[in-house]
Amino acid sequence: MSKQEIGMPGPADGCSPGLLTAPLDEDQAVELARVFKALGDPVRLRLLSMIASRAGGEVCVCDLTPAFDLSQPTISHHLKLLREAGLIASQRRGTWVYYRLLPEMTDRLAGILTRPAGRPVGSPAGAEA
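In the UniProt record's numbering, the protein residues as written are 1 to 129.
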């Protein structure tokens with residue numbers, strides 16, 4: 001199920017509120033929790049950072065694996081969870097798989113967590129600061 005199908009809030013929706021402006025419904029909370037769970041592991045967070053910061057926008061799994069004291073299947077498992085969360089995409093080229101960040105999801109997360117300008121946390125929607 002895609003983030004658009006369940007209406008995950010964020011700037012990509014244009015008019016959907018963020019986490020700090022309106023309560024999440026159950027489907028939104030489940031989807032958002034899955035993304036945050038993927039980010040909640042230090043190895044996955046490092047992998048995402050390595051992919052996102054790579055010049056050229058993509059990185060071969062062969063360049064990711066040596067950075068960790070983990071087996072290749074374990075790295076592949078972590079990458080699979082990041083892919084399933086919608087944070088990265090992959091493309092097989094011959095023997096190797098190349099990964100790239102999906103900036104739509106990181107932009108969406110940033111929007112969800114951003115407090116509207118001029119409104120203190122906890123203020124009712126529409127209230128002036």
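Everything labelled a hint here was simulated from the structure, so no lab data went into it. Remember, predicted model here, so these are calculated numbers, not experimental data. Check the hints yourself; a few may be wrong.
No more than 20 Å apart at the CA atoms, straight line, and that leaves these computed lysine to any residue pairs for SDA-like [as the list claims (entries may be wrong)]:
no.: 1; residue 1: Lys80; residue 2: Gly94
no.: 2; residue 1: Lys80; residue 2: Leu113
no.: 3; residue 1: Lys80; residue 2: Thr65
no.: 4; residue 1: Lys80; residue 2: Ala22
no.: 5; residue 1: Lys80; residue 2: Leu101
no.: 6; residue 1: Lys37; residue 2: Gly94
Status of each hint after checking the structure:
1. A C-alpha spacing of about 19 Å is found between Lys80 and Gly94, which places the hinted pair at or below 20 Å, so the restraint holds.
2. Between the alpha carbons of Lys80 and Leu113 the distance comes to roughly 25 Å, so the proposed pair goes past 20 Å and is violated.
3. A threshold of 20 Å between alpha carbons decides the hint, and for Lys80 with Thr65 the separation of about 14 Å falls inside it, so the pair holds.
4. Under the criterion of a C-alpha separation no larger than 20 Å, the hint pairing Lys80 with Ala22 is inconsistent with the structure, at around 31 Å.
5. Distance hint between Lys80 and Leu101 is fulfilled; the C-alpha atoms sit about 13 Å from each other, no more than 20 Å.
6. Using a Cα cut-off of 20 Å, the hinted pair Lys37 and Gly94 is violated, with the two alpha carbons roughly 31 Å apart.
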